[in-house]
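Asks: Residue-level listing of the chains:
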Amino acid sequence: MQLFYSILYRDLMLAIRRRRELANPLVFFVIVVSLFPLGVSPDQDLLSKMAPGVIWVTALLATLMSMDAMFRSDYDDGSLEQLLLLPGPKILLIGAKITAHWLSIGLPLIVLAPIMSLLLYFPTHAMGSLIITLLISTPILSLLGSVGIALTLSLRSGGILSSLLILPFYIPVLIFSTMAINASVNSLPVSGYYALLGAFLIVSALLIPFAVVAALKVSYN
Amino acid sequence: MMQFIHKYGSPKYFYQWSKGWQRWLTVITLLLLGYGLYQGLFVAPTDYQQGESYRIIFIHVPAAWMSMFVYMSMAVSGIVALVWRIKVAEIVIGECAVIGASFTALALITGMLWGKPMWGTYWVWDARLTSELVLLFLYFGVIALHSAFENPRTGARAAAILAIVGIINIPIIKYSVEWWSTLHQPATVAKFDKPSMHMSMLIPLLVMAFAFKTYFLALLFSRTRSEVLAREKNTSWVKEIMEQES
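Chains A and B, in that order, give the protein sequences.
Going by my numbering, 171 is the number at position 171 of the first sequence; the sequence numbering is gapless.
Going by my numbering, 301 is the number at position 80 of the second sequence; the sequence numbering is gapless.
Think of the hints as simulated: they come from the structure by calculation, not from any bench.
Heads up, the beta-carbon is just placed ideally off N, CA and C, and yes, glycines get one too.
Nothing false has been slipped in among the hints.
The list that follows gives simulated cross-link-like pairs (lysine-lysine, DSSO-like), each with its CA atoms no further than 30 Å apart:
hint, chain 1, residue 1, chain 2, residue 2
1, B, K434, B, K240
2, B, K395, A, K49
3, A, K90, A, K217
4, B, K434, B, K233
5, B, K228, B, K460
6, B, K228, B, K454
7, B, K308, B, K454
8, B, K308, A, K90
9, B, K228, B, K240
10, A, K217, B, K233
11, B, K308, B, K233
12, B, K434, B, K337
13, B, K240, B, K460
14, B, K240, B, K454
15, A, K217, B, K308
16, B, K228, A, K217
17, A, K217, B, K454
18, B, K240, B, K308
One-sided and incomplete, this derived list gives chain B residues near chain A with beta-carbon spacing under 7 Å:
hint, residue
19, A369
20, A379
21, N390
Computed from the model, here is a short list of chain A residues facing chain B with C-beta under 10 Å:
hint, residue
22, L161
23, L164
24, L167
25, T178
26, V203
27, I208
28, V218
29, S219
Construct all of the structure, not just a fragment, from the sequences and the given hints.
Replies: Written out as structure tokens, the structure reads:
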């Protein structure tokens, strides 16, 4: 566990020191969300109906944009290779890097999303469900994304390719989250969706680090 | 077991034993396709609701079945390639991805053509259509990853990991999409007690399904064999074969 905490601390320190870079996906999120009213129409009913989908799709894209930061710079300067040579389970190392990524991207998104949803006339009584789905699902996005980025690490144009690989896997998260939010908007029971998302989170957290370790091994060949 | 896998998976031995298989599978495919198409297009009765246009089922449904089956085969050969580092299994992943994507695209296109007269529209965002479309995206991912690396063996191993992650995810995607929306007619064949389909339509459909399976295997053997030759072109056994055949 010492390994986990020290890697987590290191990655968070790095993230804080590079906070301008960190802010880019968040600015992207804000800009894209505000493009929708301009592109579709400023109609209040239409926008409030579209709001969960728009927020969620944009959050997916923003997370994907930030994904590269998880391993790229460590891979380029060789420190990832050294970290993988450390004694102790590699799962912990991967888990720490994914947790750090979520803390530096997922959490800020959860703060930003409710604010942006107000611009889309999202009904405030359903705000809780928006925050809860983001809270459960953004870790899944970080987990799934890490597989794609680990697989394409040794490629020069890895960023766009890893988005292609990962986006289909994001579909269940998108569906369950927006269904939960829509149910909440219509004052229907939502706990079932939360349970499904939670199950998805637990299964991905248990399995995906293994896939990432295997993918990194392939990348280092 | 291990000896068996290594023996049959060695490129040279594979090239030799697969030759006969490929030939026989091609013959069986042609026979089954001829019989199934004749029965399906000319002998089977007209559907009382859908008229003649239902006959596209004899292509559409086998293609849709194959789209899943090929993905399974790809994931299995992915496991074999990762665990035992069998060269032939690595090649099979890439070939499966291309063939599977074609079957998926075929199922989608025939489905769209069938949807126009039946539902009045080429496309509906229905559960099965959507999950088939997502499957096509998954195939695209495997193909893109498989060909992105300069070293084909690295690409194959990366694609294998993606295929295995995909096979865990496919049921989740399928059920999530199913809950999201459904309009497609429910499965008419996979009811064991009493299929809701008449025997005169069911038999050509099953024949066509078998024909697609043998077609897939014949195609897979042929593509894998030529890829084996291409990758092993600097070895002495390939040169010997080339000299014999030229």
